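So the protein sequences, as listed, match chains H and E.
Position one of the first sequence corresponds to residue 1 (the working numbering), numbered consecutively onward.
Position one of the second sequence corresponds to residue 477 (the working numbering), numbered consecutively onward.
A few of these clues could be false.
[Claimed, not checked] Okay, derived cross-link-like pairs now, BS3-like style, lysine-lysine, Cα gap no bigger than 27 Å in a straight line:
no., chain 1, residue 1, chain 2, residue 2
1, E, 552, H, 131
2, H, 292, E, 542
3, E, 478, H, 89
4, E, 504, E, 518
5, H, 420, H, 367
6, H, 289, E, 542
[Said to hold, decoys possible] Each pair of labels, with its calculated beta carbon distance range:
no., chain 1, residue 1, chain 2, residue 2, range
7, E, 528, H, 117, 32 to 38 Å
8, H, 218, E, 528, 43 to 49 Å
9, E, 550, H, 180, 29 to 35 Å
10, E, 557, H, 31, 20 to 26 Å
11, H, 347, E, 547, 45 to 51 Å
12, E, 528, H, 329, 43 to 49 Å
13, H, 350, E, 544, 32 to 38 Å
14, H, 350, E, 550, 42 to 48 Å
15, H, 29, E, 515, 26 to 32 Å
16, E, 562, H, 189, 17 to 23 Å
17, E, 544, H, 254, 44 to 50 Å
[Said to hold, decoys possible] Only part of the chain H face toward chain E is listed, based on derived beta-carbon distances under 8 Å:
no., residue
18, 36
19, 48
20, 49
21, 52
22, 171
23, 271
24, 273
Source of the hints: derived by calculation from the structure; they are not laboratory data.
The model shown is predicted, which means the values in this text are computed figures rather than measured ones.
For each residue, glycine too, the CB sits at the ideal point set by N, CA and C.
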Amino acid sequence: MSNYISTVGVEVHVELKTKTKIFSNSENGYGQMANSLTNVVDLAYPGTLPTLNEEVINLAIRAATILNCNIQRKMHFDRKNYFYPDISKNYQITQNDTPIGYDGYVEIETSSGEKEKIYIEEMHIEEDTCKSAHRGNRTLLDFNRAGVPLIEIVTKPCMKSGEEVKLYLEKLRELLSFGNISDCKIEEGSMRADVNVSLRKEESDPLGIKAEIKNIGSISNAKLGVEKEIERQTKLYDNGETFLPQTRRFDDKLGDTVLMRVKETGNDYRYFPEPDIPYVIITEEMIEKAKKEIPMLPDERREKYKELGVSDINTTKLVANRSLSDYFNTLLEEKTNFKTASNLLLGDIAAYLNKKEKEITETTLTKERFLELIKLMDNNTLTSKNLKDILNEVLESTEKIEEIMKEKGIENITNDDEIKSIIQKIIEENKESVNDYKNGHDRAIKYLMGQVMKETKGKANPKLAMDILTSCLQEL
Amino acid sequence: MKEKLSREEVLHVANLARIKLTEGEIEKYQVELKKLLTDVEKINEVEGYDEDILIACWDEFARLRKDEVGNMLDPKQVVENAPHHAGNYIEVPVVIGESEGA
């Protein structure tokens with residue numbers, strides 16, 4: 001048991017999903033040929049000036065709203081000066097004094113089911129730097145990323161454990177990706193997290209010496225990094241040692257943090273207001289527009305699905321699959337069986353999509369055809385087994401599902417009376433099995449069921465036939 | 477008020493500007509930089525001084541650009557205009573130990 005109180009704060013950079021960069025009209029893209037998405041502004045040629053992208057402001061307002069932040073009505077940008085080849089202007093345009101959002105929070109749910117607020121100090125807009133790769137004593141630069149719009153979200157030092165950091169990052173990723181603000185792909189660098197960890201003896205003590213962990217490649221590593229860092233600092237203090245404020249990075253192979261550099265002096269970025277961009281005024285209309293564009297968020301989806309009778313497990317699975325969830329949402333205004341809809345989507349259809357590496361929107365399953373499919377399954381015209389036989393046609397052709405069934409010779413007996421008369425015939429012909437069943441041999445019913453299916457050449461709906469068979473046997 | 481900056485203050489500024497100073501220059505800048513700062517401080521004496529003017533010295537507010545892709549440069553042009561390149565990458569001497577921005 002540790003004798004120290006740990007304090008953790010998180011800074012997250014998220015790339016915004018815009019078509020163009022923040023201060024120039026070159027394309028905001030990923031995975032393209034090096035230096036192919038640039039223009040003179042991104043490369044900071046002399047005489048070029050920044051022009052602010054309206055969609056950046058729109059998405060940042062949307063993010064601030066989702067993160068329950070207050071929104072700055074009159075804001076400006078600042079220059080953060082530093083010498084490093086990843087920024088050719090020698091300064092980064094960011095927001096130091098007037099972050100677009102401030103004093104917000106995100107609600108997480110702990111493993112014990114309790115809700116907890118993670119407080120956001122501020123959220124500001126800035127430009128991304130170019131990507132640099134070191135090769136011996138040379139550095140290679142790719143400016144495709146230079147000027148990609150970012151928002152940086154800074155929490156208060158309000159967390160205490162790696163678990164909380166994990167839950168916070170998962171929630172943030174969910175909110176920002178469902179909000180269509182960012183792809184939040186950590187592996188591609190569109191979401192990057194740095195965590196600050198310090199220890200102190202008492203709540204009343206000032207915050208302890210801080211270690212910042214950078215280059216965290218996944219949410220699980222963020223959790224592990226925090227836990228390892230708490231462990232490391234605890235050992236040092238227990239041994240009566242101390243350390244200097246420092247920057248560490250998470251090493252995947254070691255599964256631990258390693259020292260990058262010691263911060264002997266504070267950074268001197270000489271911030272000053274960016275003179276090339278006048279004040280930005282955020283109007284009521286801009287806020288209203290951004291709010292209106294917020295898609296249905298995960299918590300709201302969960303609530304809605306439960307209301308519609310979707311099982312807990314299917315609700316969780318649906319919300320975890322954005323494209324299936326969006327597709328499911330197109331049905332919300334319809335009168336249909338949502339339980340069947342979710343079972344179909346997450347069962348055979350999801351299996352097909354995984355196998356073919358397709359999105360649901362790439363199939364031919366329009367809303368109308370899906371509603372037809374749900375109806376056919378619900379009234380037992382189509383069985384689960386039949387569906388497996390015709391699934392490819394259902395998802396790859398535009399034919400009516402009933403037509404596909406006809407072509408494949410699928411004709412199920414769904415008439416209760418018809419099935420009942422067949423069952424009565426089978427009962428008459430198999431008295432021995434009926435007796436076995438009555439004497440408690442459950443397996444006998446399977447034999448009888450087999451006979452029913454044989455008699456109907458597999459065209460009786462199995463579930464319906466089983467129900468009728470069971471009730472007939474009980475009546476004897 | 478002291479009449480010159482400390483040696484450390486001058487060296488700090490020189491470090492930020494990535495320049496080397498001789499002993500003579502350090503002494504010279506201790507006095508000259510101080511004078512410059514004193515001149516700048518005179519702004520505080522202006523009556524009715526509005527801080528906004530330091531951020532944007534005109535009445536107009538920022539006009540926002542539509543999010544539409546425009547012309548981009550050919551990567552060949554980009555790298556050929558740099559002193560050194562390797563393939564499509566601009567090549568520079570490695571800088572270790574400095575902080576990165578974003």
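Hints, verified against the model:
1. 552/E with 131/H: OK: residue 552/E and residue 131/H at ~18 Å, within 27 Å.
2. 292/H with 542/E: holds, 19 Å
3. 478/E with 89/H: violated, 35 Å
4. 504/E with 518/E: Holds, at roughly 22 Å.
5. 420/H with 367/H: Given pair residue 420/H, residue 367/H is violated - Cα atoms ~35 Å apart, limit 27 Å.
6. 289/H with 542/E: Satisfied, since the Cα-Cα distance of roughly 15 Å is no more than 27 Å.
7. 528/E with 117/H: 32 to 38 Å: Since residue 528/E and residue 117/H have Cβ atoms about 35 Å apart, the given range 32 to 38 Å holds.
8. 218/H with 528/E: 43 to 49 Å: Given about 44 Å between the Cβ atoms, the range holds.
9. 550/E with 180/H: 29 to 35 Å: holds, 32 Å
10. 557/E with 31/H: 20 to 26 Å: holds, 24 Å
11. 347/H with 547/E: 45 to 51 Å: holds, 49 Å
12. 528/E with 329/H: 43 to 49 Å: holds, 46 Å
13. 350/H with 544/E: 32 to 38 Å: Holds, since residue 350/H and residue 544/E (Cβ atoms, about 37 Å apart) stay within the stated range.
14. 350/H with 550/E: 42 to 48 Å: holds, 44 Å
15. 29/H with 515/E: 26 to 32 Å: violated, 48 Å
16. 562/E with 189/H: 17 to 23 Å: holds, 22 Å
17. 544/E with 254/H: 44 to 50 Å: holds, 46 Å
18. 36: Since chain E brings a Cβ to about 5 Å from residue 36/H, closer than 8 Å, the hint holds.
19. 48: At about 12 Å, which exceeds the 8 Å cut-off, the nearest Cβ of chain E leaves the hint on residue 48/H violated.
20. 49: violated, 11 Å
21. 52: Hint holds; residue 52/H Cβ to chain E Cβ min 5 Å, cut 8 Å.
22. 171: violated, 23 Å
23. 271: Where the cut-off is 8 Å and the nearest Cβ of chain E is about 12 Å from residue 271/H, the hint is violated.
24. 273: holds, 4 Å
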